[in-house]
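Chains A and B supply the protein sequences, listed in that same order. 64 is the number that our numbering gives to position 64 of the first sequence; each next residue is one higher, with no gaps. 1128 is the number that our numbering gives to position 128 of the second sequence; each next residue is one higher, with no gaps.
Please keep in mind that the hints were generated in silico from the structure rather than gathered at the bench. Treat the hints loosely; a few may be bogus.
Claimed, not checked - Only pairs whose alpha carbons sit at most 25 angstroms apart, straight line, appear in this in silico SDA-like list of lysine to any residue:
(1) K74/A / T1009/B
(2) K74/A / V1068/B
(3) K74/A / M1128/B
(4) K74/A / I1003/B
(5) K61/A / M1128/B
(6) K74/A / L1044/B
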Amino acid sequence: MIALFAGLIFGIGLLLSGLTDPAKVTAFLDLAGAWDPSLTFVMGGAIGAATPAFMLAARRKHSVLGAPMQLPVKQSIDRRLLIGSFAFGIGWGLAGYCPGPAITSLGAGSSAALIFVGAMLIGMAAFEGIERFRSARRPATITQ
Amino acid sequence: MTIDWTNFTPWTSLAGGILIGLAAAILLLMNGRVAGISGIVGGLIPPREGERSWRIAFLAGLIAAPLVYALFTPLPPMRVVAGSGALIAAGLLVGIGTRYASGCTSGHGVCGFARRSPRSMAATAVFMLAGFATVFILRHIL
């Protein structure tokens, strides 16, 4: 129930902020054109509102409801992070959709979002497939 | 650089951003999970035992958001900028890219910055720059 409520508030925030409008997102990314800086306010508001919760969470082992606090542990800035983010950024600029706004737009009956999300799921499944293939081929001695 | 003052929406964008941040705070403090959308979806491919219900509930909340929003006020414009081919290419790039990077705009851009993670800051810098470069090439070079 909590996750459903959090998703609902998150989605309403995306709609209100303008992120579900691909033309507004690409206007933000178009520095050399008529630049719409609104998205810096979305980022600022979101980071500002989430920061106290993350500061609190860093000092706790369990959530309020007793679930283990699962924060990312990885710290390395490696090739996977950089190449993956680069590919993501190209896709973001091409269509003006990132995952959250695209999924939220499904609820508004957007056929463009449906095409995008379908392809995104195929991309994620491809990642899963590639990773399995690679770990299956890796010699057992290095996998420990 | 010229600023597009007519489409600039600082207050609604700030308010929307605060709601996004509050939703991330709720999921973290109550469920102990990071509100990274690509990670929430990716964790369902394939679905893992005991991990499924909260992910599906969160995504159902996202999809229900326009329905709830429309009860109170008309939905904002959703102006599509890409054709089917570009949407498919973009979706594939976003899907595979966010899984390799372990995060997208929400996980790295919002939650990563909120916990001051240098790794997330680097990821955000890279996808922002790639987005700027892509739009520049599409609109001003091609």
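Against the structure, the hints come out as follows:
1. Of the pairs offered as hints, the one joining K74/A and T1009/B is violated, with about 36 angstroms between alpha carbons and a cut-off of 25 angstroms exceeded.
2. Between K74/A and V1068/B the CA atoms are separated by roughly 37 angstroms; this puts the pair beyond 25 angstroms, and the hint is violated.
3. With a CA separation close to 21 angstroms, the supplied pair K74/A and M1128/B stays within the 25 angstroms bound.
4. Restraint check for K74/A and I1003/B: not satisfied, since their Cα atoms lie roughly 38 angstroms apart, outside the 25 angstroms limit.
5. Of the pairs offered as hints, the one joining K61/A and M1128/B is violated, with about 33 angstroms between alpha carbons and a cut-off of 25 angstroms exceeded.
6. As the CA atoms of K74/A and L1044/B are separated by approximately 21 angstroms, the hinted pair is consistent with the 25 angstroms bound.
Of the hints listed earlier, those the structure fails to meet are numbers 1, 2, 4 and 5, in rising order.
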